[in-house]
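Each protein sequence line maps, in turn, to chains A and B. Everything in the first sequence is counted per this note's numbering, starting at 15 for the first residue and increasing by one. Everything in the second sequence is counted per this note's numbering, starting at 263 for the first residue and increasing by one.
Hints listed in this document are in silico derivations from the structure and should not be mistaken for laboratory results. Don't take every hint at face value.
Cut-off 25 Å, straight-line C-alpha distance, at most; resulting in silico cross-link-like pairs (SDA-like, lysine to any residue) [said to hold, decoys possible]:
#1 B:LYS513 / A:ILE147
#2 B:LYS513 / A:GLY381
#3 A:LYS31 / A:GLY78
#4 A:LYS140 / A:THR93
#5 A:LYS31 / B:ASP517
It should be emphasised that the depicted structure is a prediction, and the values quoted were computed from it without experimental measurement.
One-letter residues, chain by chain:
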Amino acid sequence: MSDVLVRTEGLGKVYPKSFHHRDRMRALWRLLVSRRRIDSTAVLSDVSLEVRRGESLGLIGANGAGKSTLLKLISGVLTPSSGKVAVTGEIGALLELGAGFDPDQTGRENIMMTAALHGMTGARLKTSMPKIIEFADIGQYIDQPVKHYSSGMVVRLGFAIIAVLKPDLLITDEVLAVGDEAFQKKCIRWMQDYLDGGGTLILVSHSMYHIQKLCQHACWLRDGRVAMIGGVFDVTQAYLAYQESKLAAQDSGTERAGGDLEFMVEEVQLDDAQGELPLILEQGAGFSVKLRLRSREGRRPIIAIGIVRADGTPVYGVSSEMDGYQPMLNDAGESHCALRFDEPQLLPGSYTVRVHPLDPEGLRVFGTVERALVVRGNTSEFGLVRLAHRWLPQVEEKA
Amino acid sequence: MSTIALTYEFAARELRARFAGSFAGILWAVFQPALQLAIFAFVFVKVFNARIPGADAPGYVAFLAVALWPWTAFSDAILNATKAIQDNAALIGKVAFPRAILVMARVCASFVIHLLGFVVIVVALNFFDDHVRLLAGLPLALLLYVPLFALALGISLLLAALQVFVRDLVQLLAQLLPLLLYCAPVFYDRTIMPVAYQPWLSLNPFTFYAEAFHAIVLDHGVIAAPSLACALLVAAGTLLCGYWLFTRLDKHFEDFL
């Protein structure tokens, strides 16, 4: 079960800069005669990964990160500009459902064509044809030209062919998000069966749900390079955290406490995380917010502490006043206090802890200090926090 | 194995697409050149009063038809196959398979159609012109289609690969192919040309085929062994050269489509 189906080493792809008439001529000349490099844009560089039989790899990343290009390189549609890709076994690539369908031909004729493209012919095709038609389940439309199909029907037909073909390696590009609910379920169920039966999958999706459900490993591409590769939960969480923090950075800009204010937060530390580095916690572990603040006039401030998700959604907020806690001041007007969360129910993701000092009347806010908090874990639950819950015992229905 | 099956699928699709929706279907393969032949026959025989020189020469219509059909297969194949890669850009971007198949399929489709027409027309001419050698000539003539096919495929591979980079090629080709036709002894016999020009005609790759079809089917003229050897060499050489260039550029098609 451990033979490698796909191996890429230092894989890179550049596209030639486009395209006036003269550029194409020059490109042709260089390809044929002078072998000098063509002016080009790099879309993928130095990608090394391995997929073994029975494994499933999810590719994630923003639009234009090079995911589709990588799939095309693996499936052999594109030729790498640098590095190499080695694939063993039969590939079924669904780069786009219904690609290669001729709109003027009937569904049946297109099945024959696509099957032939995937190397299925003769007797094997004859036995598979009824199965494909049954899986697609589009009734009498099978003998109509594909141009009369709804887009859902095209998708059904495309998936049905692959489903019956059962390739060694299945490569799909965001195709699970199509078709009606029932057919989507059918596809997911088929995928699960395929994986349980030892199938190998490379999946590109923007749905972390699908990635987590179907893949063991994930690879995060950023600007054409591998940002992270590893277990699916680690990678998807790191990716989401990155996305969220990028959004938040756009939203808020920088608001920092500064100048000589009545109340100043001088230092905030989460457990013993150094400086402004994020604190990394395992899911469910407790943590403390330690702070040092200064009161210019010797008055006792109210301290508000909140946890927001990295995109700014509030999760929980509380103040010393609500809890009836009074921070003690020393002679220098400094206060050292700490707040402990013993059992935070935060789900894995990236969070920010915010500390705001308020005047004793609770009217004015003096600056804000933020620290990042990352919770890691392997749960498939959704949302921000785990809500305590239990399943009730089932009651026998009375006849 | 799967290459052959795939070529068959593509060629079949090509044929279906060409005749899709027409009542006569594949019969157009015969109708259309027959109609063209009728027009030529009227213009050349009735208007220009054209005749083939020689005491025992075949009729003009038979003379024209026997070389015109192979020419149609040849030029139709090249013209269609040159655009094979460009027309299938969407497919090439999505599915990995040997791209030469696309060119091969179009050349096959053209030859199948016009070979059928050729057989029908030779059989038909047999009743009007006793120069036609049906049983002795037809099988040999079909054999002659083999190097012609190789030549067409070689040229098509070459042009289809270049067409990806230089899109004007197919426009240019549409102008050049008729020129090639008029510079081959299809409408006329070589002997009616001024003697000074006659040898130049041999530079046209189709000249050999036109004269060879005349010789085989109508017993008009002879096939010289050196020119046969030369033609076979040219066909094989063109095929190799076309295939070499095609595989050389194949890897880069996707970037330029």
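Tested hints:
no.: 1; hint: B:LYS513 / A:ILE147; result: 35 Å, violated
no.: 2; hint: B:LYS513 / A:GLY381; result: 60 Å, violated
no.: 3; hint: A:LYS31 / A:GLY78; result: 16 Å, holds
no.: 4; hint: A:LYS140 / A:THR93; result: 33 Å, violated
no.: 5; hint: A:LYS31 / B:ASP517; result: 9 Å, holds
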